[in-house]
Amino acid sequence: MISNRCAAILAMAALAVVIPSTGCSSPGRQANERNAPAASTTSPTTSPTDSSTESPTESPAVSPSVAGIPARPADPPAVRRSVPPVRLQIQAIGIDLPVLPVGVASNGQMDLPPDPATIGWYRFGPGIDSTTGSVVLGGHLDSKQYGVGPLVRLRKLRPGGLIVVRSAKDETTTYRVRQIEQVPKTGLALDRVFARDGSPALWIVTCGGPYDRDLGGYRDNLVVTATPA
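Numbering (the numbering used here), first residue to last: 9 to 237.
Any given hint could be a false lead.
Quick list of the computed label-pair ranges, beta carbon to beta carbon [unchecked claim]: (1) P167 / P192: 18 to 26 Å; (2) T139 / S114: 29 to 37 Å; (3) D220 / Q99: 32 to 40 Å; (4) T194 / T139: 25 to 33 Å; (5) T140 / D178: 17 to 25 Å; (6) G111 / T139: 36 to 44 Å; (7) T180 / P218: 30 to 38 Å.
Calculated from the structure, these hints are not laboratory results. Beta carbons: idealized from backbone N, C-alpha and C, even for Gly.
Given these sequences and hints, build the entire structure.
Below you can see the structure in the form of structure tokens.
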């Protein structure tokens, strides 16, 4: 679990939603493209979940609350099977990242992969096979241990760009970018990000904006919204 680094930007959609106010990286070390490493092309050290062993989207057992933002209770949805993404590819900006399923840590934060060259998929939400609701991917912009990650290049995306998400069986879902926006951490439209119904969409969220030394993190989230191409 990561604390006081890249904001654990998102939280539960099933039983609750929460956004901590902590952020990425050490003070004075804001991400920039000059020292960003090349996008990783290696597979994660743990084997991705094959779609034959699809992850259920049952609600997590914890009901998180953190940083003074209360949990939002809701009836848990019925358990269903879902095809997890295992790779995120955005050719236009040189991103090729392994995707790992993540849940919610005991303190209520989304338990993101520690390496910013990896991105997490919120496993309690829809998978890439879903015809409704939002697939949510979140990752760190940078970290003290690993430095700046490829997600720093998300700000270079433009509406109309293509995003490819792959399954363990190398099946692909292609999305077209609709919007790239920077929003305050407390201003994220959580009902939209974590939607379980409605039109299918992909949300990619990381840190953004200025680094706040008092807060110990970035003030905003950088949010990419895309829909099936």
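To see whether the hints hold, each was checked on the structure:
1. P167 / P192: 18 to 26 Å: Cβ of P167 to Cβ of P192: about 22 Å, so the range 18 to 26 Å holds.
2. T139 / S114: 29 to 37 Å: Between T139 and S114, where Cβ atoms are some 33 Å apart, the hint holds.
3. D220 / Q99: 32 to 40 Å: 33 Å, holds
4. T194 / T139: 25 to 33 Å: 31 Å, holds
5. T140 / D178: 17 to 25 Å: 24 Å, holds
6. G111 / T139: 36 to 44 Å: 23 Å, violated
7. T180 / P218: 30 to 38 Å: 36 Å, holds
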